[in-house]
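Protein chains: 4
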Amino acid sequence: MSLIKTEALAAALADFANEREWSQFHSPKNLVMALTGEVGELSEIFQWMTEAQSHAAGRDPQTAQHVREELADVLLYLVRLADVLNVDLNAAAIEKLAINAAKYPASKVRGSSEKYNAKKEKR
Amino acid sequence: MSLIKTEALAAALADFANEREWSQFHSPKNLVMALTGEVGELSEIFQWMTEAQSHAAGRDPQTAQHVREELADVLLYLVRLADVLNVDLNAAAIEKLAINAAKYPASKVRGSSEKYNAKKEKR
Amino acid sequence: MSLIKTEALAAALADFANEREWSQFHSPKNLVMALTGEVGELSEIFQWMTEAQSHAAGRDPQTAQHVREELADVLLYLVRLADVLNVDLNAAAIEKLAINAAKYPASKVRGSSEKYNAKKEKR
Amino acid sequence: MSLIKTEALAAALADFANEREWSQFHSPKNLVMALTGEVGELSEIFQWMTEAQSHAAGRDPQTAQHVREELADVLLYLVRLADVLNVDLNAAAIEKLAINAAKYPASKVRGSSEKYNAKKEKR
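Chains as they are written, first to last, in this note's numbering: chain R, 30 to 152; chain A, 30 to 152; chain Y, 30 to 152; chain H, 30 to 152.
Note that these hints are calculated values from the structure, not bench results.
Among these hints, one or two may not hold up.
Heads up, the list lumps identical chains together, so a pair's fine if it works in one copy or across two of them.
[As the list claims (entries may be wrong)] Straight-line alpha carbon distances no greater than 20 angstroms define the calculated EDC-like cross-link-like pairs of lysine to aspartate or glutamate that follow:
1) K132 to D117
2) K132 to E50
3) K137 to E48
Remember, it's a predicted structure, so these values are computed and weren't measured experimentally.
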């Protein structure tokens with residue numbers, strides 16, 4: 030099974046930053062902006078695709094590689110951000126899944142993105 | 030060691046979506062927009078903080094919990110997006126770390142965010 | 030004809046911030062994050078819509094009002110950001126239109142979002 | 030006084046898209062993603078700057094030109110998006126200013142970004 034070893038990844042990213050004396054730039058605020066930049070690049074890949082085309086984004090090797098790198102960039106900044114904030118991403122994700130399951134009971138929201146959105150807005 | 034079991038997480042998210050008949054909404058294009066929304070919420074938490082305040086975001090329990098949930102949301106949509114695109118996030122992150130190490134040699138970029146940015150822009 | 034009086038709008042926003050002693054928070058960096066937050070909210074409105082549904086977003090009065098407010102928020106932060114950076118948005122937009130016309134000659138890119146994207150990436 | 034003639038700008042953008050047969054790509058959903066991409070580029074410019082450096086972003090001519098172009102890109106997509114959604118940006122901005130003035134009375138929020146954020150979250 031494929032695992033993301035977040036602690037190992039976080040340690041590799043900390044080493045990477047320290048070797049380049051970049052830790053000084055890695056405040057949570059700055060890392061959120063860097064994350065924004067990467068999500069913006071991901072958005073640019075998909076912006077003119079139809080939803081059907083987006084499902085097939087992996088077929089063209091050049092697009093697939095581009096997508097793969099941008100997804101990695103988002104993960105790397107996310108892991109780095111969680112690390113400097115001392116958040117255990119794994120535990121946080123498991124907690125959030127439980128919160129979401131309680132917030133969106135299958136019996137009430139089945140098939141409806143409207144209820145999905147409505148619940149989101151009330152948050 | 031804390032691990033993110035991406036396959037387990039991806040499977041849990043797929044189940045979650047299927048139970049609610051939400052898979053129909055989870056095209057890669059739509060999931061990129063959902064990711065954008067979550068990063069926007071993260072940005073709103075930090076927008077008026079100084080960098081120093083952002084380092085201390087974990088001290089206030091309410092802010093810490095808010096940050097924790099938004100980080101989790103970003104991870105959940107990222108894992109779901111990678112899953113529908115058949116990208117192995119873990120392998121992609123390791124590859125990207127190697128690409129970055131080659132692109133930003135420590136000896137050339139040490140201490141400089143300008144070179145960091147300049148390299149980024151050329152990409 | 031409907032005009033955006035940017036200078037009047039920028040002045041109103043500066044007064045608004047000064048009356049609340051919020052100018053201290055309005056660094057360009059912070060305003061870019063605020064802009065990100067607003068675009069994230071706009072993204073959340075449209076994330077689960079099909080493209081066809083997005084064209085009809087104005088038909089439901091509640092959604093129309095929500096969209097209208099988010100578009101306004103994006104404009105307000107953009108005008109404020111341009112103001113603190115001393116950029117004349119109007120002149121910048123006219124310049125950029127000319128740059129785009131030269132970069133994407135109609136005869137070469139007609140009907141193709143791929144060329145559109147390819148050009149973008151080279152930027 | 031510098032004016033943004035939104036109707037003239039919207040008309041120029043519609044002509045630009047029609048000449049390139051790009052109107053087919055300009056659904057509101059897609060344009061929100063394009064806006065996200067541009068805000069991401071703006072974010073990348075400022076991500077490693079301190080707030081003080083961000084105030085001086087106009088001093089370096091290359092950075093100033095880059096910022097100017099990205100601000101223009103955000104405005105162009107925003108005007109285009111409002112146009113395809115039939116929203117009068119100017120009227121929407123004036124309405125939103127009034128809403129904000131009522132929501133954030135100067136006497137209650139003076140000098141406090143916390144109340145500013147708290148109010149935002151309740152929205």
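The hints, checked one at a time:
In this homomeric assembly, K132 and D117 never come within 20 angstroms of each other (Cα to Cα): the closest approach is 22 angstroms inside a single copy and 29 angstroms across copies. Only between protomers do K132 and E50 lie at most 20 angstroms apart by alpha-carbon distance; the minimum there is 16 angstroms, versus 43 angstroms within a single protomer. Taking the shortest alpha-carbon separations for K137 and E48, only the inter-copy value of 11 angstroms comes in at or below 20 angstroms, while the best intra-copy value is 51 angstroms.
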